[in-house]
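Colleague: Residue-level listing of the chains:
Number of protein chains: 2
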Amino acid sequence: ISGEYGDIAVKVAHLFFFNQAQSIEVFVFGAGAIGGCLLDQIRDQKEELLTQKIDIKVVAIATVSSMMMDEQGLDLTNWRSDLEASTTETNLQGVLDFVQAAKPLNPIFVDCTASDDLPNQYLDIFKAGMHIATPNKRANSLSMDFYKSLRTVANTQHRRFLYETNVGAGLPIIDTLQNLFKSGDSLTGFYGIMSGSLSYIFGRLDEGASFSQAVLEAREKKFTEPDPRDDLGGMDVARKALIIAREAGYELEIEDVIINRVFPEDFDDTGSVDAFIQNLPKLDSYFAEKMAALKKENKVLRMAGFIEDGKCSVGMLEVGPEHPLYPIKDCENAFVFHTARYNPIPLTIRGYGAGAAVTAAGVFGDILRTVSWNLEA
Amino acid sequence: ISGEYGDIAVKVAHLFFFNQAQSIEVFVFGAGAIGGCLLDQIRDQKEELLTQKIDIKVVAIATVSSMMMDEQGLDLTNWRSDLEASTTETNLQGVLDFVQAAKPLNPIFVDCTASDDLPNQYLDIFKAGMHIATPNKRANSLSMDFYKSLRTVANTQHRRFLYETNVGAGLPIIDTLQNLFKSGDSLTGFYGIMSGSLSYIFGRLDEGASFSQAVLEAREKKFTEPDPRDDLGGMDVARKALIIAREAGYELEIEDVIINRVFPEDFDDTGSVDAFIQNLPKLDSYFAEKMAALKKENKVLRMAGFIEDGKCSVGMLEVGPEHPLYPIKDCENAFVFHTARYNPIPLTIRGYGAGAAVTAAGVFGDILRTVSWNLEA
Chain P
1 ISGEYGDIAV KVAHLFFFNQ AQSIEVFVFG AGAIGGCLLD QIRDQKEELL TQKIDIKVVA
61 IATVSSMMMD EQGLDLTNWR SDLEASTTET NLQGVLDFVQ AAKPLNPIFV DCTASDDLPN
121 QYLDIFKAGM HIATPNKRAN SLSMDFYKSL RTVANTQHRR FLYETNVGAG LPIIDTLQNL
181 FKSGDSLTGF YGIMSGSLSY IFGRLDEGAS FSQAVLEARE KKFTEPDPRD DLGGMDVARK
241 ALIIAREAGY ELEIEDVIIN RVFPEDFDDT GSVDAFIQNL PKLDSYFAEK MAALKKENKV
301 LRMAGFIEDG KCSVGMLEVG PEHPLYPIKD CENAFVFHTA RYNPIPLTIR GYGAGAAVTA
361 AGVFGDILRT VSWNLEA
Chain A
1 ISGEYGDIAV KVAHLFFFNQ AQSIEVFVFG AGAIGGCLLD QIRDQKEELL TQKIDIKVVA
61 IATVSSMMMD EQGLDLTNWR SDLEASTTET NLQGVLDFVQ AAKPLNPIFV DCTASDDLPN
121 QYLDIFKAGM HIATPNKRAN SLSMDFYKSL RTVANTQHRR FLYETNVGAG LPIIDTLQNL
181 FKSGDSLTGF YGIMSGSLSY IFGRLDEGAS FSQAVLEARE KKFTEPDPRD DLGGMDVARK
241 ALIIAREAGY ELEIEDVIIN RVFPEDFDDT GSVDAFIQNL PKLDSYFAEK MAALKKENKV
301 LRMAGFIEDG KCSVGMLEVG PEHPLYPIKD CENAFVFHTA RYNPIPLTIR GYGAGAAVTA
361 AGVFGDILRT VSWNLEA
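If you're matching them up, the sequences are chains P and A in order. Number 296 in our numbering belongs to position 296 of the first sequence; there are no gaps in the numbering. Number 8 in our numbering belongs to position 8 of the second sequence; there are no gaps in the numbering.
Some clues are possibly wrong.
Identical copies carry no separate label here, and so any pair may be met within one copy or between two of them.
[Unchecked claim] Once the Cα atoms are required to be at most 30 Å apart in a straight line, the calculated DSSO-like pairs of lysine-lysine come out as:
id, residue 1, residue 2
1, K329, K182
2, K53, K148
3, K311, K46
4, K329, K295
5, K46, K182
6, K46, K148
7, K282, K222
8, K221, K311
9, K127, K53
10, K222, K296
11, K53, K182
12, K299, K103
What the hints contain is simulated information worked out from the structure, not anything from laboratory work.
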């Protein structure tokens, strides 16, 4: 045993000798709503996890403006003000150099940014020896080539790529799918309400609200983006459906996801946000007629992502009381998986699919998945 | 680096040098419906998992009558006939001695038996250096003292105790709860339909079946035990509710679970199975009246396990259409978790909660949770 393996072996022996906890060294990029909540959760749970022999240390916190790093683990008591006071410029390469030099046992890079650029660095992050956990959907919705590279490099580096919160926030979707498929199950159909705002809007329609009223309410409550077309356009749902389809083995690009337009053909949805908002009432009679017809069949309208007959789509579904999406409203999300084994009754997971606390908890869960005792017994 | 750490370090270096897959050495006790299905799934998925750098080897298969073991991994092509032909007597101590001598990197003991005795050996199995995965509820429903010992010893040995399939078969219940609580969430309420037979029986009541008809149908379809009182008595549900309560931090014994009797007080449920079956129609008017009254309120009757106000119970619940248990019937299971964060809308997971294929897949998932690359980077 010599060279770099020797270093690791010494650490293993040391851990064992002192019967220490398994360490996780966390590097958090992005300290906004989700990242901040995650840091608070880690701070509050650190002691409890130590009793379970898990020693979770936050080694670095970085934002666009500054970063702080401490090999021994940062004191998180006042991390917000400490970070504000830090004059160190954020430097990803510096972090990677540190990891390659210090060789922490179990370093994990947590991308809590909404950056479109950071995912381009994931391959280098794996190569530096870090796991990656992220709620950021970007990496998994880029090209299929990049998608495969991420997995090849992670596997070759023996690092884990964890993204449970890419869909459904803290709901256990990705891990569940991976376990199903690894054991030989296969997806035969999928239906999901994967947007809180669309869950709310279409749920309000069953309750008798007009379409414009439902959209305006959702906007006022800040469930939608400032421009509700960002929600109603279905692109966010399309990305999530793509990620689920790829998980199931479909080799699809985002362009392959069929987005069925919510608005009738003759409705002009272009122009400024204000113009769009002002035009909304023109849609009311269209949706009112639709809802009246559906009511006679005891059905409701749901905007969903779905996978049927090998095709991945986004659009409105008409569902009756026997369908698991029927009761989904009030921002609730739901994921309905039909598989070779979950047949004829599907596997359904429902609950909040957004929110800083549940999303941070999902990322926390991903971080803890890297714990292992394998070699210390 | 010397002695036993040296051995491990050599293996780590070797793995790294050849960029080999992470190995999992599986020791399966019990090759009935679930164990057999698991072995078939492992056989069928072995190649696919190798492409993901996971090398899963079944080192031993044991039943009450015989066992077979091969350090290099058994050829599973004809494992059933090979096992039948084996003249080696099953010997747990022999397996443990082998593990302690050969020191496989990642050995996992899989208890697919229904044995009441084998769980008493779990502490020794951990001490021999093995993880344990099991669908067998026994260990987790014994005394709280034993429950804690299992976890203390597993943690001290740096081994994992995995029992996702103790409740809900392949549905992701235990892992989800553990992730929630480790990140600081807390359970405020739970409602679960955790028995396929009771799901079926009470679902048939909404559809207009009489109670005796519903029970007899469920028995004919082999959804219930030969003696339906084993299902209707609620003890199996009580054990599952106990396991969920303990997961949430409740220090309860099985005797603390309140079982509310399904039958009216004046009904005599003693005597032989035949006598009980013959008496069943006497319950029909009782349930018919109940259902008629509930129908007026648009409610249904569900037999569930539930945790409310710090108490863990089993019994009938009357639920309306807004309740996640309302649509659950036809053997479907459902688990509804109210937590500090999943509030007011709970986290709900529903689907088949029994069956060899989905249960085996859940055990398979547990086995794969032991994979880790931590020290080879």
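Colleague: Against this structure, judge whether each hint is valid.
Modeller: Hints versus structure:
1. Taking the shortest Cα distances, K329 and K182 sit within 30 Å of each other only across copies (29 Å), while inside one copy they are farther apart (32 Å).
2. Taking the shortest Cα distances, K53 and K148 sit within 30 Å of each other only across copies (15 Å), while inside one copy they are farther apart (34 Å).
3. For a Cα distance limit of 30 Å, the shortest separation of K311 from K46 across copies, 29 Å, qualifies, whereas the shortest one inside one copy, 44 Å, does not.
4. Both within a single protomer and between protomers do K329 and K295 lie at most 30 Å apart by alpha-carbon distance, with minima of 16 Å and 24 Å respectively.
5. For the homomeric pair K46 and K182, the shortest alpha-carbon distance between copies (9 Å) is at most 30 Å, but the shortest distance inside one copy (32 Å) is not.
6. Proximity of K46 and K148 under a CA criterion of 30 Å is satisfied inter-copy only: 21 Å between copies versus 35 Å inside one chain copy.
7. For the identical chains of this complex, K282 and K222 are intra-copy neighbours only, at 22 Å inside a copy versus 57 Å across copies, given an alpha-carbon limit of 30 Å.
8. In this assembly of identical chains, K221 and K311 lie within 30 Å of each other by CA distance neither inside one copy nor across copies; the values are 34 Å within and 36 Å between.
9. For the homomeric pair K127 and K53, the shortest alpha-carbon distances inside one copy (28 Å) and between copies (17 Å) are both at most 30 Å.
10. Taking the shortest Cα distances, K222 and K296 never come within 30 Å of each other, neither inside one copy (32 Å) nor across copies (39 Å).
11. In this assembly of identical chains, K53 and K182 lie within 30 Å of each other by CA distance both inside one copy and across copies; the values are 29 Å within and 12 Å between.
12. In this homomeric assembly, K299 and K103 never come within 30 Å of each other (Cα to Cα): the closest approach is 58 Å inside a single copy and 60 Å across copies.
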